[in-house]
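Line order of the protein sequences matches chains A and B. Under the working numbering, the first residue of the first sequence carries the number 1, and numbering increases by one thereafter. Under the working numbering, the first residue of the second sequence carries the number 1, and numbering increases by one thereafter.
The set of hints was computed from the structure by calculation and includes no laboratory data. The model shown is predicted, which means the values in this text are computed figures rather than measured ones. Some hints could be false.
It does not matter which identical chain is used: a pair holds within one copy or between any two.
[Stated by the list, open to error] Each computed SDA-like pair below joins lysine to any residue, with the alpha-carbon atoms no more than 25 Å apart:
hint, residue 1, residue 2
1, 142, 55
2, 166, 5
3, 47, 5
4, 142, 33
5, 144, 35
6, 166, 8
7, 166, 88
8, 166, 136
9, 47, 16
10, 142, 65
11, 101, 31
12, 101, 51
13, 142, 37
14, 166, 35
15, 47, 157
16, 7, 130
17, 166, 36
18, 47, 172
19, 101, 142
20, 82, 172
2 protein chains.
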Amino acid sequence: MAGISEKRIAFLVEEGYEDLECWYPKIRLEEEGAETVVASSSAGVKKSKHGYPIEANYSAMELDVDSLDGVVIPGGTGSPDKLRRDEAVTDFVAEIDSQNKMVAMICHAGWVPISAGILEGRTATSYEAIEDDMVNAGVNYKDKSVVVDANLVSSRHPGDLPDFLKAIIEKLS
Amino acid sequence: MAGISEKRIAFLVEEGYEDLECWYPKIRLEEEGAETVVASSSAGVKKSKHGYPIEANYSAMELDVDSLDGVVIPGGTGSPDKLRRDEAVTDFVAEIDSQNKMVAMICHAGWVPISAGILEGRTATSYEAIEDDMVNAGVNYKDKSVVVDANLVSSRHPGDLPDFLKAIIEKLS
């Protein structure tokens with residue numbers, strides 16, 4: 001349990017985030033003793049695809065990369081579609097990646113790292129709907145429950161959450 | 001991981017179940033390799049408090065206690081309020097308990113074991129709203145994130161999920 005208890009992980013969410021793709025990783029990392037923070041384009045309450053509220057503690061602009069050990073980006077079509085348009089979000093994701101800290105994404109979340117310009121030549125997966133966007137961004141695409149390429153961890157959909165979290169915890173340990 | 005990979009756990013849900021109190025334990029146990037089955041008063045799709053659908057594979061009447069290692073009962077006011085009125089549900093919970101298999105409950109779920117008549121003299125917790133019902137049923141009530149009394153595991157609300165799952169996994173191991 002001590003493995004990741006000192007780690008601090010940011011979650012990037014906007015309105016329409018996929019309920020389980022945010023909450024399962026968040027509670028799971030907390031179960032391991034890690035600290036989680038939630039950021040969005042602006043601080044405040046954001047509702048999931050089904051209306052489950054989450055409090056975003058920070059705007060992306062307020063996130064301090066040096067104080068963090070990685071980022072988890074949940075899917076839900078609307079959430080990454082909004083986040084990718086916020087330069088503070090994409091700058092943050094690019095900086096996390098440039099420091100070789102974990103970037104974990106699931107489902108439609110791949111849109112955010114695409115717009116952060118960090119996926120060319122990387123191996124990853126995503127929800128099938130955005131496979132073309134991933135390939136066009138230069139991704140070596142795999143259809144697997146979880147794909148790990150150095151600091152990049154990716155999964156396809158909520159059914160992959162058990163494998164996604166095993167990989168995330170191993171990556172952070 | 002091998003600790004609970006042979007275990008088979010039932011979840012009891014009805015319309016209005018609390019999203020995270022069902023899905024976090026369910027995915028978490030699957031992450032550990034356990035098998036989960038979902039039962040309700042009738043088989044079919046049930047929606048959470050926020051509308052997240054889950055497929056109930058069985059009616060409670062179809063559950064075979066001998067093939068199971070325990071039950072998790074999520075909260076959400078509407079779900080246990082409906083479940084407790086189904087004699088097949090309360091008979092099932094009483095039988096699981098009589099075989100000393102795990103009975104795990106969170107939030108308002110305590111209503112179901114109350115109606116199954118298994119809580120007298122037991123130590124447990126619940127959501128604060130039903131503390132009086134728990135005490136009147138003979139519970140030695142504790143206000144703690146998780147309470148374990150032999151085969152009975154109880155927690156108060158979604159914020160307790162990390163502690164609830166640690167205790168459930170330890171109990172099943």
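- List in ascending order the numbers of the hints, as given earlier, that are violated by the structure. Per hint list: 1, 3, 7, 8, 10, 12, 13, 16, 18, 20 violated.
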